[in-house]
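Novice: Chain order of the listed sequences is A and B. Residue numbers for the first sequence follow full-length UniProt numbering, beginning at 1 and rising by one. Residue numbers for the second sequence follow full-length UniProt numbering, beginning at 1 and rising by one.
Hints listed in this document are in silico derivations from the structure and should not be mistaken for laboratory results. Accuracy of the hints is not assured; some may be wrong.
[As the list claims (entries may be wrong)] The list that follows gives simulated cross-link-like pairs (lysine-lysine, BS3-like), each with its CA atoms no further than 27 Å apart:
#1 A:K62 / A:K27
#2 B:K179 / A:K295
#3 A:K281 / B:K179
#4 B:K169 / A:K295
#5 B:K98 / A:K130
#6 A:K98 / A:K62
#7 A:K98 / A:K32
#8 A:K284 / B:K169
#9 B:K169 / A:K179
#10 B:K281 / A:K179
#11 B:K65 / B:K98
#12 B:K169 / A:K169
#13 A:K179 / B:K295
#14 B:K280 / A:K179
#15 A:K169 / B:K281
#16 B:K96 / B:K32
#17 B:K130 / A:K98
Source: prediction; values computed, not measured.
Protein chains: 2
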Amino acid sequence: MDYYVGIDLGGTNTKIGLLNIEGDILKSSIIKTLSSEGVDKTMERIWGVIQELAKEANINIKNVKGIGMGIPGPVEDQSIVAFFANFPWGTNVNVKEKLEKITGIETKLDNDANIIALGEAKYGAAKGSKSSVTVALGTGIGGGIYVNGMLVSGFKGAGGEIGHMKIVKDGRVCGCGQKGCFEAYASATGLIREAVSRLTVNKQNLLYTMIEGNVAGLEAKDIFDAAKEGDIFSLDLVDYEAEYLAMGIANILNIINPETIVLGGGVALAGDILLDPLRKKLEKYALPVTLEDLKIVQGILGNEAGIKGAVGLFS
Amino acid sequence: MDYYVGIDLGGTNTKIGLLNIEGDILKSSIIKTLSSEGVDKTMERIWGVIQELAKEANINIKNVKGIGMGIPGPVEDQSIVAFFANFPWGTNVNVKEKLEKITGIETKLDNDANIIALGEAKYGAAKGSKSSVTVALGTGIGGGIYVNGMLVSGFKGAGGEIGHMKIVKDGRVCGCGQKGCFEAYASATGLIREAVSRLTVNKQNLLYTMIEGNVAGLEAKDIFDAAKEGDIFSLDLVDYEAEYLAMGIANILNIINPETIVLGGGVALAGDILLDPLRKKLEKYALPVTLEDLKIVQGILGNEAGIKGAVGLFS
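Can you make the complete structure from the sequences, with help from the hints?
Specialist: This is how it looks when you write it as structure tokens:
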């Protein structure tokens with residue numbers, strides 16, 4: 001039987017899993033990435049862990065037919081990392097070549113958000129859908145597009161960077177330095193920015209009471225929690241979130257027309273209080289044909305999406 | 001040798017061509033669509049023309065291995081037309097089945113804008129690019145996305161409907177009934193709307209003189225012509241066009257990150273007076289990585305894009 005390794009390379013921790021092609025995890029491990037030691041050292045440590053995992057699972061390493069990896073940064077041709085977000089590992093690094101040289105095993109990589117989308121498409125919430133777009137609503141908004149059985153990784157590895165789609169001309173400044181990005185409005189951070197701004201002039205609400213005035217520590221979850229208690233102030237914020245989320249997702253629907261939208265990240269955990277108005281508001285922005293039989297679901301793979309999706313590069 | 005038929009089904013005229021798989025046109029013909037006679041009659045007339053073309057080209061009809069067709073409307077699974085724009089041909093019509101029954105030849109179809117994009121990708125301005133998005137700037141804005149060797153046709157055939165991406169929240173009303181669509185700003189019609197609006201309050205300009213005050217007959221070309229003469233009023237309008245065009249195209253870059261953008265339609269004929277500011281303005285809206293080595297070119301297939309692209313469904 002053939003086995004595959006999925007690697008989810010993170011800024012702090014790296015997850016490594018040994019899987020079969022159906023995406024079942026046989027063994028997995030989490031190590032510190034220790035990126036300051038350099039890319040080569042990290043790759044060698046990863047190879048050590050892979051060999052250990054195979055041993056523990058009683059699998060001959062020769063039966064490991066592929067290594068897939070998700071990387072924080074744009075990846076060209078499933079091989080070359082243009083730059084690593086937060087890592088001092090230089091530019092245009094051919095990680096595929098490095099890892100293949102160390103391991104002797106075919107290696108493929110892609111951007112981590114794309115890999116999560118691939119995981120949900122092949123083994124998760126969008127399994128069975130011909131096409132899906134995964135929208136990760138966290139600190140920023142990441143995305144991955146799956147069509148015709150493959151990822152849309154992009155010419156320079158920037159496919160699926162939906163968070164930086166502009167939805168307001170000369171709008172709110174984004175972390176990327178440009179203005180009016182989707183993620184400046186609809187990410188958890190975007191929602192919090194709006195909430196903080198409103199709390200400056202309105203403290204007579206349940207949200208402010210709930211967080212005991214600790215505006216600096218406000219989280220998106222607090223807003224949804226207060227809204228669920230019926231706080232009008234927070235319900236207005238949820239409406240704001242749903243409105244911009246609808247505009248951004250509708251643009252994806254009009255451009256890609258996928259069968260399924262998978263929502264991931266902390267904001268998606270809000271559930272129906274966000275998803276119900278989102279569905280309604282999509283009718284304002286999306287062409288009606290793109291809403292026919294459209295499925296909007298929450299991601300189901302959680303922390304395993306990275307290693308499963310990485311193996312999806314081989315299935 | 002194998003041959004293929006490309007059909008460009010239009011509201012008034014239908015182009016039919018006999019081609020080889022390299023996209024060379026051996027014989028072609030244009031007939032009236034006469035859609036009021038119904039879909040079956042039209043398909044039978046098309047089959048008659050195909051047989052004639054084969055005869056004229058001295059090709060045994062048995063060597064025709066595929067029929068490709070571009071259709072004005074969303075096409076599901078390269079088979080079923082959800083609805084025909086402007087044709088009284090009903091909904092969810094399986095045109096593939098109909099034509100295969102009449103001809104005995106494998107048939108594939110797709111939306112006409114997608115087919116034009118496929119033509120430019122396989123035989124035209126984006127030939128050799130791994131991925132391309134064709135943006136047709138005419139009365140509306142059509143689009144087609146080509147990645148991983150295939151079209152992104154969409155779950156319900158609405159892939160590439162970039163003209164209805166929303167770029168202004170609650171913005172200008174579009175022909176589709178929604179608000180703030182890309183094409184309400186950056187299509188020829190969008191530009192003309194803006195020009196007419198400005199001409200209402202400003203008639204002291206070369207443009208107004210050039211069109212002899214015939215505002216109702218204003219065309220996009222007039223604006224570019226006056227701008228090329230140095231008319232400040234018209235140069236401002238070109239700046240307006242370039243700005244919204246940049247915003248929309250940058251969104252496509254951020255989502256798809258294609259290797260090539262092909263610009264087609266009447267507005268693209270403006271040339272450098274539009275393309276130069278467009279390139280500059282893209283830096284404001286597109287992630288820098290998506291602009292690396294990006295090619296922005298004008299379409300080259302013109303009227304032949306439809307029949308060539310239709311054959312591209314088989315190559």
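Novice: Does each hint fit the structure? Answer for all of them.
Specialist: Cross-check of the supplied hints:
1. A:K62 / A:K27: This hinted pair holds, its Cα atoms lying about 16 Å apart.
2. B:K179 / A:K295: With Cα atoms ~24 Å apart, K179 of chain B and K295 of chain A stay inside 27 Å; holds.
3. A:K281 / B:K179: Holds, at roughly 13 Å.
4. B:K169 / A:K295: holds (24 Å)
5. B:K98 / A:K130: holds (25 Å)
6. A:K98 / A:K62: Given pair K98 of chain A, K62 of chain A holds - Cα atoms ~19 Å apart, limit 27 Å.
7. A:K98 / A:K32: holds (19 Å)
8. A:K284 / B:K169: holds (10 Å)
9. B:K169 / A:K179: Holds - the C-alpha atoms of K179 of chain A and K169 of chain B are around 15 Å apart, at most 27 Å.
10. B:K281 / A:K179: The given pair, whose Cα atoms are some 13 Å apart, holds under the 27 Å limit.
11. B:K65 / B:K98: holds (17 Å)
12. B:K169 / A:K169: Between K169 of chain B and K169 of chain A the Cα gap is close to 9 Å, so the pair holds against 27 Å.
13. A:K179 / B:K295: holds (24 Å)
14. B:K280 / A:K179: At roughly 16 Å apart (the allowed maximum being 27 Å), K179 of chain A and K280 of chain B satisfy the hint.
15. A:K169 / B:K281: Given that 27 Å is the threshold and the Cα spacing comes to 12 Å, the pair holds.
16. B:K96 / B:K32: holds (21 Å)
17. B:K130 / A:K98: holds (25 Å)
Violated hints are absent here; each numbered hint is respected by the structure.
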